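*Asks:* Fit chain B to the known structure of chain A by using the hints.
2 protein chains.
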Amino acid sequence: MAAPLRLGLAGLGTVGIGVVQIVQKHADLIAARSGRAVVITAVSARDRTKNRDADLSGFAWEDDPVALACRDDVDVFIEVMGGHEGPARLATEAAIAAGKDVVTANKALLAHHGHQLALSAEAGGRVIRFEAAVAGGIPVIKALTEGLAANGMRRVMGVMNGTCNYILTRMEDAGLPYDQVFEEARQLGYLEADPNLDVGGIDAGHKLSLLAAIAFGTQVSFDAVELEGIGAISIDDIRHAGDMGYRIKLLGVARMTGRGLEQRMTPCLVPMESPLGQLSGGTNMVVLEGDSVGQIVMRGAGAGMGPTASAVMGDVVDIARGVRLPVFGVPARALVVPVAAAVAAASAWYLRMVLVDKPGALAKVATALGEAGISIDRMRQYGHSDAQAPVLIVTHKATRDDVNDALARFGATGVVVGTPVALRIEDV
Amino acid sequence: MAAPLRLGLAGLGTVGIGVVQIVQKHADLIAARSGRAVVITAVSARDRTKNRDADLSGFAWEDDPVALACRDDVDVFIEVMGGHEGPARLATEAAIAAGKDVVTANKALLAHHGHQLALSAEAGGRVIRFEAAVAGGIPVIKALTEGLAANGMRRVMGVMNGTCNYILTRMEDAGLPYDQVFEEARQLGYLEADPNLDVGGIDAGHKLSLLAAIAFGTQVSFDAVELEGIGAISIDDIRHAGDMGYRIKLLGVARMTGRGLEQRMTPCLVPMESPLGQLSGGTNMVVLEGDSVGQIVMRGAGAGMGPTASAVMGDVVDIARGVRLPVFGVPARALVVPVAAAVAAASAWYLRMVLVDKPGALAKVATALGEAGISIDRMRQYGHSDAQAPVLIVTHKATRDDVNDALARFGATGVVVGTPVALRIEDV
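Line by line, the protein sequences are chains A and B.
Residues 1 to 428, numbered by the UniProt record's numbering, are exactly what the first sequence covers, in order.
Residues 1 to 428, numbered by the UniProt record's numbering, are exactly what the second sequence covers, in order.
Read the hints as simulated data drawn from the structure, not as lab findings.
Remember, predicted model here, so these are calculated numbers, not experimental data.
One or more hints might be untrue.
Straight-line C-alpha distance at most 20 Å; calculated SDA-like pairs for lysine to any residue [as the list claims (entries may be wrong)]:
{"no.": "1", "chain 1": "A", "residue 1": "Lys-25", "chain 2": "B", "residue 2": "Met-379"}
{"no.": "2", "chain 1": "A", "residue 1": "Lys-25", "chain 2": "B", "residue 2": "Gly-152"}
{"no.": "3", "chain 1": "B", "residue 1": "Lys-364", "chain 2": "B", "residue 2": "Val-417"}
{"no.": "4", "chain 1": "A", "residue 1": "Lys-25", "chain 2": "B", "residue 2": "Gly-217"}
{"no.": "5", "chain 1": "B", "residue 1": "Lys-364", "chain 2": "B", "residue 2": "Met-379"}
{"no.": "6", "chain 1": "B", "residue 1": "Lys-397", "chain 2": "B", "residue 2": "Val-417"}
{"no.": "7", "chain 1": "A", "residue 1": "Lys-25", "chain 2": "B", "residue 2": "Arg-154"}
{"no.": "8", "chain 1": "A", "residue 1": "Lys-25", "chain 2": "A", "residue 2": "Gly-304"}
{"no.": "9", "chain 1": "A", "residue 1": "Lys-397", "chain 2": "A", "residue 2": "Gly-258"}
{"no.": "10", "chain 1": "B", "residue 1": "Lys-25", "chain 2": "A", "residue 2": "Leu-191"}
{"no.": "11", "chain 1": "A", "residue 1": "Lys-364", "chain 2": "A", "residue 2": "Ala-387"}
{"no.": "12", "chain 1": "A", "residue 1": "Lys-25", "chain 2": "B", "residue 2": "Lys-397"}
{"no.": "13", "chain 1": "B", "residue 1": "Lys-25", "chain 2": "A", "residue 2": "Arg-154"}
{"no.": "14", "chain 1": "A", "residue 1": "Lys-25", "chain 2": "A", "residue 2": "Pro-4"}
{"no.": "15", "chain 1": "A", "residue 1": "Lys-364", "chain 2": "A", "residue 2": "Gly-304"}
{"no.": "16", "chain 1": "A", "residue 1": "Lys-364", "chain 2": "A", "residue 2": "Asn-404"}
{"no.": "17", "chain 1": "A", "residue 1": "Lys-358", "chain 2": "A", "residue 2": "Gly-383"}
{"no.": "18", "chain 1": "B", "residue 1": "Lys-25", "chain 2": "A", "residue 2": "Glu-289"}
{"no.": "19", "chain 1": "B", "residue 1": "Lys-397", "chain 2": "B", "residue 2": "Asp-427"}
{"no.": "20", "chain 1": "B", "residue 1": "Lys-397", "chain 2": "B", "residue 2": "Ile-376"}
{"no.": "21", "chain 1": "B", "residue 1": "Lys-25", "chain 2": "A", "residue 2": "Asp-427"}
{"no.": "22", "chain 1": "B", "residue 1": "Lys-25", "chain 2": "A", "residue 2": "Thr-257"}
{"no.": "23", "chain 1": "B", "residue 1": "Lys-364", "chain 2": "B", "residue 2": "Ala-422"}
{"no.": "24", "chain 1": "B", "residue 1": "Lys-25", "chain 2": "A", "residue 2": "Asn-404"}
{"no.": "25", "chain 1": "A", "residue 1": "Lys-25", "chain 2": "B", "residue 2": "Phe-216"}
{"no.": "26", "chain 1": "B", "residue 1": "Lys-25", "chain 2": "B", "residue 2": "Asp-55"}
{"no.": "27", "chain 1": "A", "residue 1": "Lys-25", "chain 2": "B", "residue 2": "Arg-155"}
Short derived list, chain B residues pointing at chain A, Cβ under 8 Å [as the list claims (entries may be wrong)]:
{"no.": "28", "residue": "Arg-33"}
{"no.": "29", "residue": "Ala-143"}
{"no.": "30", "residue": "Gly-147"}
{"no.": "31", "residue": "Leu-148"}
{"no.": "32", "residue": "Ala-150"}
{"no.": "33", "residue": "Ser-292"}
{"no.": "34", "residue": "Gly-294"}
{"no.": "35", "residue": "Val-317"}
{"no.": "36", "residue": "Asp-318"}
{"no.": "37", "residue": "Ala-334"}
To be clear about the criterion: a stretch of chain B counts as covered by chain A if any three or more of its residues have a C-beta under 8 Å from a C-beta of chain A, and this derived list gives those stretches [to be verified]:
{"no.": "38", "stretch": "295 to 302"}
{"no.": "39", "stretch": "305 to 311"}
{"no.": "40", "stretch": "370 to 379"}
Glycine is no exception: its CB is placed at the ideal position from the N, C-alpha and C atoms.
So that you can see chain A by itself, here it is in the shape it has in the complex (with noise of 0.2 Å):
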């Protein structure tokens, strides 16, 4: 049997104790399937003197992360502390330069960085592995990078913030409006210390950015993510959708058009019926397809200890048993800039807005919608008992500047109150 595989672990949360749990709980199970040991040799985290739930009387301390990424015995360097840039950035970058392998679960340090950490990796003939950086426990990474690696991906979509499924899913179930679920959320623990992160969709941003320059062979373009988040989603809208057989998601979208690379973090409506409309509270879900293999879902914990910890225990497993890919599934100076599409792709529309109740408003919206190109699928007024009257669009397709076109419009028409709401119906 080979020498063990030493781990230094930086950061010591949930994550990182989960971590040390299955190190210590699977050893014989993870050396038979490994071929050989595999042992955590030092850790690092900010506060040495916090109890922890796990034995680490073992393991050397290292109070800064850097030192950890170059002990002489270290051969995988482990991230789980986060933070796309400070010590997170530096320890990685250090333990590459040092010759480590590394394992992160960091989406925002690779969201960001992704591109030059890799080209320093790979450099230096090192890999990074970030299975746990995109939907938690689901071996998602690997199903796209080696699984379907004879596919051209056509789409890949995912529910990888569980978050904010879980207000949505809330707000359905007890029809509770926004800001009540909201609170509740952050009263449980579910938000992060920037809500921002997971209700303005950048976590979620973060990942599908992943999962797209592996399928297309783009390098990592966080920025060109088109990105919305929840925050205006309201009751009415979830049980108006609901009504005509959808739900809402917050749903990441990439695929290469015509037009160029495709990327989108938004609310959309998908069918009640299809896996992402039937999925329920914080689970995660990815959609993957492919040229050949059609439509491959997966479905699993996207958070948590356990879950995380599993993913990342499943790529030093790899790295134990010698597998060794580019970071991205190419080689990184392979990765072509992408082209962000300007305009996605056209779909249906979900169109919720408010009518002065007169004779001919409904008449002035539908000749605003036709001026601006688009064509009414199915249309709902809602019985009302004061003077406005709640509307319902569904439009065939139409791209994202048809219908800003439309909302310009229907300002000038004098018959719409307030600012009607208008939600991409996903074709899943």
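*Replies:* Same frame as chain A, but now just chain B:
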């Protein structure tokens, strides 16, 4: 760039032609992802003169797959002929003896001879890959062997025969009896030449035995799989199960219990709202449950040219990339002979029977259940117009032995007409 990886392709049916098409269509993509070209050098099939939907002119031809397997210009032998004896077995053994790696879609071959083949291959430093053998295009072997390698596996489940799921879905949707839908499926070409491979659960049982070997580190033991086909499922059972919130699936379940390895492929009731319950038509689903990762669900096409060829070529790309793992995740010599669990774990059961319409009939049945040690969760008697009363019972947890005991006691009551139906309710 390394020398091209040279494939010898045995079998030019649907899957084989799918492989040819991918290699030809995606030569550049596969070379970029593999770090080397992947080429087909030689092919073999029964009938050279048959018209096929691919240009084979650039490949050497062998009438005998054994000769193909031994060619000097073949690095990887791809076996997509099928059959667990005869040419497929001989050629695979010859390929290993000749020092070739093997990629196969042949679940029957591996279910019967997988352990011996793995021993031979590993003794010679060769790999055998078989992603295409289980659940078609779904990269489940990879997810289980690699992605979840740091988990102690708790349970593996799967709906892995698309034909059976098509039949059950079609019975439900169209309200048609089994025999009629079976005949439809036969005419549509959905059934194997020996339909019992499909509807008897044998094909799906082969797949389950392979998953179990990986999940639990045991030698493949297909003979220990409890098999029960779908031929006895009536439209009444589908309807009654539906009334109670369940769907009937041909469900494979493998788990390691205190009494040994449990492997069964039998019709089960699963909650309609669960991912398994929502699976309709020919699609496959595999559920992997690990002690850290929790439940991972994977869904996709379980058969067909594109999906199966995608899985074959995913394995080929792995080999081209230098990924070399033991066939079943740990060296074959370390796989243990499993103790087959004599009795599967207890579960709730669905019982359907017809009683003579006499006072006290139901009480006699309830008494018989009590004597067998089975308690009743729910009971329904359906409205009826003749002298016979249909009765449904959902039990609390009971073993198969308990249920068999109860069924025997029912016979002695004199009030049960015909043979009761007993189906396990799997807790998913």
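*Asks:* Does each hint fit the structure? Answer for all of them.
*Replies:* Results for each hint:
1. A:Lys-25 <-> B:Met-379: Violated - the C-alpha atoms of B:Met-379 and A:Lys-25 are around 44 Å apart, more than 20 Å.
2. A:Lys-25 <-> B:Gly-152: Since the Cα atoms of A:Lys-25 and B:Gly-152 sit roughly 10 Å apart, the hinted pair holds (cutoff 20 Å).
3. B:Lys-364 <-> B:Val-417: 13 Å, holds
4. A:Lys-25 <-> B:Gly-217: 17 Å, holds
5. B:Lys-364 <-> B:Met-379: Answer holds: B:Lys-364 to B:Met-379 is near 14 Å, not above 20 Å.
6. B:Lys-397 <-> B:Val-417: Judged against 20 Å, a Cα distance of about 25 Å means the pair is violated.
7. A:Lys-25 <-> B:Arg-154: 15 Å, holds
8. A:Lys-25 <-> A:Gly-304: Roughly 18 Å separates the two Cα atoms, so the pair holds.
9. A:Lys-397 <-> A:Gly-258: OK: A:Lys-397 and A:Gly-258 at ~17 Å, within 20 Å.
10. B:Lys-25 <-> A:Leu-191: 46 Å, violated
11. A:Lys-364 <-> A:Ala-387: 17 Å, holds
12. A:Lys-25 <-> B:Lys-397: 31 Å, violated
13. B:Lys-25 <-> A:Arg-154: Holds, at about 15 Å.
14. A:Lys-25 <-> A:Pro-4: Satisfied, since the Cα-Cα distance of roughly 16 Å is no more than 20 Å.
15. A:Lys-364 <-> A:Gly-304: 51 Å, violated
16. A:Lys-364 <-> A:Asn-404: Distance of about 17 Å is within 20 Å: holds.
17. A:Lys-358 <-> A:Gly-383: 14 Å, holds
18. B:Lys-25 <-> A:Glu-289: 17 Å, holds
19. B:Lys-397 <-> B:Asp-427: Cα-Cα ~11 Å, so holds.
20. B:Lys-397 <-> B:Ile-376: 9 Å, holds
21. B:Lys-25 <-> A:Asp-427: Roughly 27 Å between the alpha carbons, so the hint for B:Lys-25 and A:Asp-427 is violated.
22. B:Lys-25 <-> A:Thr-257: 19 Å, holds
23. B:Lys-364 <-> B:Ala-422: 18 Å, holds
24. B:Lys-25 <-> A:Asn-404: 40 Å, violated
25. A:Lys-25 <-> B:Phe-216: Cα-Cα ~16 Å, so holds.
26. B:Lys-25 <-> B:Asp-55: Holds. B:Lys-25 to B:Asp-55 sits at ~12 Å (cutoff 20 Å).
27. A:Lys-25 <-> B:Arg-155: Holds, because 19 Å separates the two Cα atoms, which is no more than 20 Å.
28. Arg-33: Constraint on B:Arg-33 satisfied, holds at 5 Å.
29. Ala-143: 5 Å, holds
30. Gly-147: 3 Å, holds
31. Leu-148: 6 Å, holds
32. Ala-150: Interface hint status for B:Ala-150: holds (3 Å vs cutoff 8 Å).
33. Ser-292: Constraint on B:Ser-292 satisfied, holds at 4 Å.
34. Gly-294: 5 Å, holds
35. Val-317: Where the cut-off is 8 Å and the nearest Cβ of chain A is about 4 Å from B:Val-317, the hint holds.
36. Asp-318: OK, holds: B:Asp-318 within 8 Å of chain A, min 6 Å.
37. Ala-334: 6 Å, holds
38. 295 to 302: holds (count 7)
39. 305 to 311: As far as the stretch 305 to 311 of chain B goes, the hint holds, because 5 residues have Cβ atoms under 8 Å from chain A.
40. 370 to 379: violated (count 0)
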